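Chemist: What follows is each chain in one-letter form.
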Amino acid sequence: MSRARFRRRDLPALLLAGLLLALVLAPLLAVGWRGAGVSFGPADWAAVRFSATQALLSSLFSTLLAIPVARALARRRFPGRTALIALMGAPFLLPAVVAVLGLLAVFGRAGILNQTLIALGLPPVSIYGLHGVVLAHVFLNLPLATRMILQGWQSIPAERIRLAQSLGFTPRETFRHLEAPMLREVLPGVALIVLVICLTSFAVVLTLGGGPAATTIELAIYQAVRFEFDLSRAAGLAGVQLALGGLAALAAWVLARPAGFGAGLDRALRLEAPPGWRHGLDVLALSLTALFLVLPLFAVVLRGLPGLADLPAPVLPAAARSVSVALASALLATTAALSLALLAARRQSLWAEAAATLPLATSGLVLGTGLFLLIQPFAPPMVLALPVTVLVNVALSLPYLFRILLPEARALHADHGRLADSLDLQGWPRLRWLVLPRLARPLGFGAGIAAALSMGDLGVIALFAGERQATLPLVVSQLAGAYRTEAAAAAALVLVALSFALFWACDAGGRRAAS
Amino acid sequence: MHGFLHPRPFRRNMEKDMQRHLLAAGLLTIANAALAETPVLTVLTYDSFTSDWGPGPAIEKAFEATCGCDLRLVPAGDGAALLARVQLEGAGSEADVVLGLDTSLTAAAAATGLFAPHGLTPATDLPVDFADPLFLPYDWGWFAFVHDRTRVPEPPTSFAALAASDLKIVIQDPRSSTPGLGLLMWVKAAHGDRAAEIWTGLADNVVTVTPGWSEAYGLFLEGEADMVLSYTTSPAYHLIAEGDDSKAAALFEEGHYMQIEVAGKLAATDQPELADRFLAFMLTDAFQSAIPRTNWMYPAVTPAAGLPEGFDAFRPATSLLLTPAEAQAARDPALAEWQAALAR
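Heads up: the sequence lines are chains G and E, in that order. When we follow the numbering used here, the leftmost residue of the first sequence carries the number 9, and every step to the right adds one. When we follow the numbering used here, the leftmost residue of the second sequence carries the number 3, and every step to the right adds one.
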């Protein structure tokens, strides 16, 4: 993949990349503009260090643990496999506070784990601290990482697998010649995306961190904006966060290598499932993961059920509003991510990679504040609440989609790009007959992620909320803020169920179209 | 707003049209035109005030019945986000009144120069003297550690006793939440130079620190902590709304710090008279009687009908309050002490 010269058909995607970068940088500059000079204290640097440490650890554990799980899912067939794969979407979609309460039902002071330990006469364990933060991040991101890596396994062409089988490859040789190159291509992107998500994580870190030792950059930004109104410090901190995200993106870009399997005829074939202790290991990996994911999810459902019977009236219109925002966001984000991924596949474009990663590393508060400052001179921000929500959702969900699409877009380009070019298959026909059918699976999965993520939009747009425009996440937080814990749990369950339904519909649609 | 949506000539034609065919014009159009003529008062406040479960809906209805205006309650995140929002908007703000700051923030709010004097000297039922030329109180409460009587039958009676116990507490982060900041002020007001010592003693009682009140209260209800930093009126919610009298507030010997929630008029308002009327209305029965059962705080002026049951259950003997200037000066050192003590 040499560096191609500039071509006209790259222009829309390049413009899109420029727009995304502008969306990330303009609010930051708008915020920084209002202040005078940045000076960081030792507390700020401690926050930077802690953010980076917990993000690195969370990314490392989520990615490494996802490998055996994804492999087991790729090479084993068992009843409930499809359900388990679908379930992998769920933790990732939980609003932070809901996820934390679900985890606490298992790992908290009054949780199942500690009740069991106490019943056995063992000392209880505390979830609060760096280990708790990492545990929560693994819970939230291991499933996403697993799905992304599983996608890699499924993309190994059947012809290569058959060749390996006819050559009598041992599992070790299969790993070396087929799986390792695939992982080399996929893992850097997976690790990057998890790292960047965890870098900006706010409520999870604060609640499970146990105290001010667990102070993240985002919290320092909150303090700077809300109690000190020190906008330049907020912008400076957001800049540092962005730089860390950029560094991680650069590292992933350097590390990732295309697997170069070559084209296949798309016959479905799974890797041989080795018997013996390897079978036991796969069973163990899958059962532990299922348990780890299902128990907290089950707790979320149990907490929500009692309040479902008399759900407060504003929940339904808010849910309708959230679903329409989510659908619009998902459609736009999918289109934009596809165009960027195709660009990045055609030419080694660091520009596209940066544009598709940095939105995740922006501070939600600074992004919201900056957009507010930029829009306010021209229109009352409230009027634009919903369009801004969609815009921000697109920018924030695009990075996931991009990472999900990129490996397969690269393979598509390497395997079929030249033939399509020589046939002069361009524009809509190329999309219709080549790209969409071959990328249906990652497109469905990615669109599902984008739709579900866009259901939870709190934070960034809080500044834009006007009268009676509450989205479902806002209603959940209003209920929780008004002592109505049971109703809040029920509304959160509705939110999670709707997110999951959207995710499932897109994901299953993609899988059906692919097979 | 409506002028913004329709070009003027169009609206004038529409009004002429309506005069000629009043019956034919739909109800919606009348309402629309009527709205365009009505003055709008915009009140910037925190989310939970405007929600269906907050005081907002009742207050909006009551004020609109007398003011001949459209009252818009615009949510701006939580209490701590409110002042930042006012500063972001600056003199160009659409808002006329800001409602929901507390006395930890009023010094900073006054320093922005964005607020105008209210010129009122109302009598209030606050347990302390409070007079501020820029800000009027509308409700108040005492911070307290809330617990479940059945699990903590003998609650501690001071910070020292709490620190000496092995009770687990959950508190809010003073860097993102107003109750969290209130606790910092409480320890400072009660113990002054010994505040750092108190925090060191409390460090092993703190299970965790949450971003806001609702997360902390949620953790407490889930059984993650024995006590939670909340208000003396929190048990009244459970009593009135859930018929549950198991929740209680621990009364501390050193007294309880107060949160006084205030509202102020923005100097740049284009509806100064309406804003004044709203501030005066704020201390009347129609507004004040909505407060206890929606905001779960004490109304600044006790309504004629009195307070709901449970509001007299936990009344501290001593009320603590730093002046806004003292609170502002105390914040940074208190925050540093807190961080040093808990960040071990």
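Rather than coming from a laboratory, the hints here were simulated on the basis of the structure. Certain hints may be false.
Going by beta-carbon spacing under 8 Å, a handful of chain G positions derived as facing chain E [said to hold, decoys possible]:
#1 G49
#2 A51
#3 L109
#4 F235
#5 F386
#6 M390
#7 A393
#8 Y491
Short, incomplete list of chain E residues facing chain G, as computed with Cβ under 8 Å [claimed, not checked]:
#9 D195
#10 L204
#11 L344
Being a predicted model, the structure only gives us computed values, none of them experimental. All residues carry an ideal CB built from backbone N, CA and C; glycine is no exception.
Chemist: Would you mind marking each hint as holding or not holding in the structure?
Modeler: Evaluation of the provided hints:
A hinted interface residue such as G/G49 counts as satisfied when its beta carbon comes closer than 8 Å to some beta carbon of chain E; here the least separation is about 10 Å, so the hint is violated. Below 8 Å, beta-carbon pairs count as interface contacts, and G/A51 has one with chain E at about 7 Å; its hint therefore holds. Annotation: interface hint on G/L109 holds; nearest CB of chain E at approximately 6 Å, less than 8 Å. Interface hint status for G/F235: upheld, as the beta-carbon distance to the closest one in chain E is roughly 7 Å, under 8 Å.
With its C-beta approaching chain E no nearer than about 11 Å, G/F386 sits outside the 8 Å limit, and its interface hint is violated. The beta carbon of G/M390 comes within 7 Å of a beta carbon in chain E, closer than 8 Å, and the hint placing it at the interface holds. For G/A393, the shortest C-beta to C-beta distance to chain E is roughly 11 Å, which exceeds 8 Å, and the interface hint is violated. For G/Y491, the shortest C-beta to C-beta distance to chain E is roughly 5 Å, which falls under 8 Å, so the interface hint holds.
Look at E/D195: its Cβ only gets to about 21 Å from chain G, farther than 8 Å, so that hint breaks. The closest approach between the C-beta of E/L204 and any C-beta of chain G is roughly 11 Å, which is over the 8 Å cut-off, so the hint fails. Below 8 Å, beta-carbon pairs count as interface contacts, and E/L344 has one with chain G at about 4 Å; its hint therefore holds.
The structure shown violates the earlier hints numbered 1, 5, 7, 9 and 10.
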